[in-house]
Amino acid sequence: MADTQRPLSPHLQIYKWQVQMVTSILHRATGIVLAVGTLLIVWGMLSLAAGEDAFNQFKVCMGSPLGMIVMIGWSWAFFYHLCNGVRHLVQDAGAGYAISQFVRSSWLSVIISMVLTLLVWVYVLTAGGAA
Amino acid sequence: MSTNAKDLRNPLKRARGLGSAQFGVSHWWTQRVTAVGLVLLGLWLVITVLGLQHADYATARATMAKPWNAVLLVAFLITSLWHAVLGLQVVIEDYVHTRWKEVFLMVAIKFLAVLGALAGALAVLRIALGA
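Order-wise, the sequence lines are chains A and B. Terminal number for the first sequence in the UniProt record's numbering: 131, no gaps in between. Terminal number for the second sequence in the UniProt record's numbering: 131, no gaps in between.
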């Protein structure tokens with residue numbers, strides 16, 4: 001894999017799992033997902049500009065089972081990256097570094113993002129069926 | 001040639017581009033400033049799209065054609081892709097240790113992001129101007 005020979009730090013399986021590790025890994029993973037998701041938004045804009053047929057095709061793709069999974073995944077990735085991103089901004093300002101605060105804010109990112117995702121999908125599904 | 005007496009690096013090291021490239025601070029700040037922008041733009045986008053879930057094509061297009069929505073949409077696309085490039089750059093630097101793959105990916109994400117931003121902006125212009 002690597003063309004440089006350097007000593008490596010122990011890999012993930014060496015460490016005991018902690019919520020701070022999970023939030024850090026998820027922040028990167030959801031960031032990558034959202035980068036790809038932005039291209040889906042561009043696709044939606046292109047189809048909206050292209051005309052009614054193209055836009056209906058886009059809506060059919062998004063309303064299909066696979067499309068719904070992608071949208072649910074995108075929405076959680078969005079809310080998680082949003083919550084944890086705000087947490088990082090607070091930490092960048094120098095606050096919340098005590099271990100207890102750090103652990104608590106990690107759990108808050110995970111839980112609030114799930115609650116927001118749930119609220120959005122309850123709204124979508126009760127406001128008269130999927131998009 | 002820079003003759004900074006405090007720089008302890010050998011000039012050859014600088015010539016080969018080893019060590020700090022001196023862009024770290026602006027990368028860090030741009031990542032944070034785009035993050036703050038995306039908190040607002042992302043929430044706006046999600047709320048706007050949720051409001052359109054049962055809209056027909058004409059309504060969806062007319063909503064996005066409103067000047068404020070068009071401006072915010074282009075702002076979202078540019079900010080989001082910029083933030084994505086900065087984030088993906090760090091991921092690539094951390095995990096891709098083969099130099100040619102690293103450089104290839106760095107260039108590829110920038111090409112994709114610029115193409116995505118241009119395509120999205122053109123689509124929004126077509127929607128806003130009715131072309």
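Simulated from the structure, these hints should not be mistaken for laboratory data. Heads up, some of the hints might be wrong.
Stated by the list, open to error - To be clear about the criterion: a stretch of chain B counts as covered by chain A if any three or more of its residues have a C-beta under 8 Å from a C-beta of chain A, and this derived list gives those stretches:
#1 29 to 42
#2 45 to 55
#3 65 to 73
#4 77 to 88
We put the beta carbon where it would ideally sit given N, CA and C, even for glycine.
Okay, the hints, checked on the actual structure:
Given a C-beta distance limit of less than 8 Å, the hint that chain A covers the segment 29 to 42 of chain B holds, as 6 residues qualify and 3 suffice. Coverage of the segment 45 to 55 of chain B by chain A holds. Counting CB-CB distances below 8 Å, 5 residues qualify, and the rule asks for three or more. Figure legend: the segment 65 to 73 of chain B, annotated as covered by chain A; annotation inconsistent (1 residues with Cβ-Cβ distances under 8 Å, at least 3 required). For the segment 77 to 88 of chain B, the stated coverage by chain A is satisfied: 6 residues place a CB nearer than 8 Å to a CB of that chain, which reaches the threshold of 3.
The structure fails hint 3 only (numbered hints given earlier).
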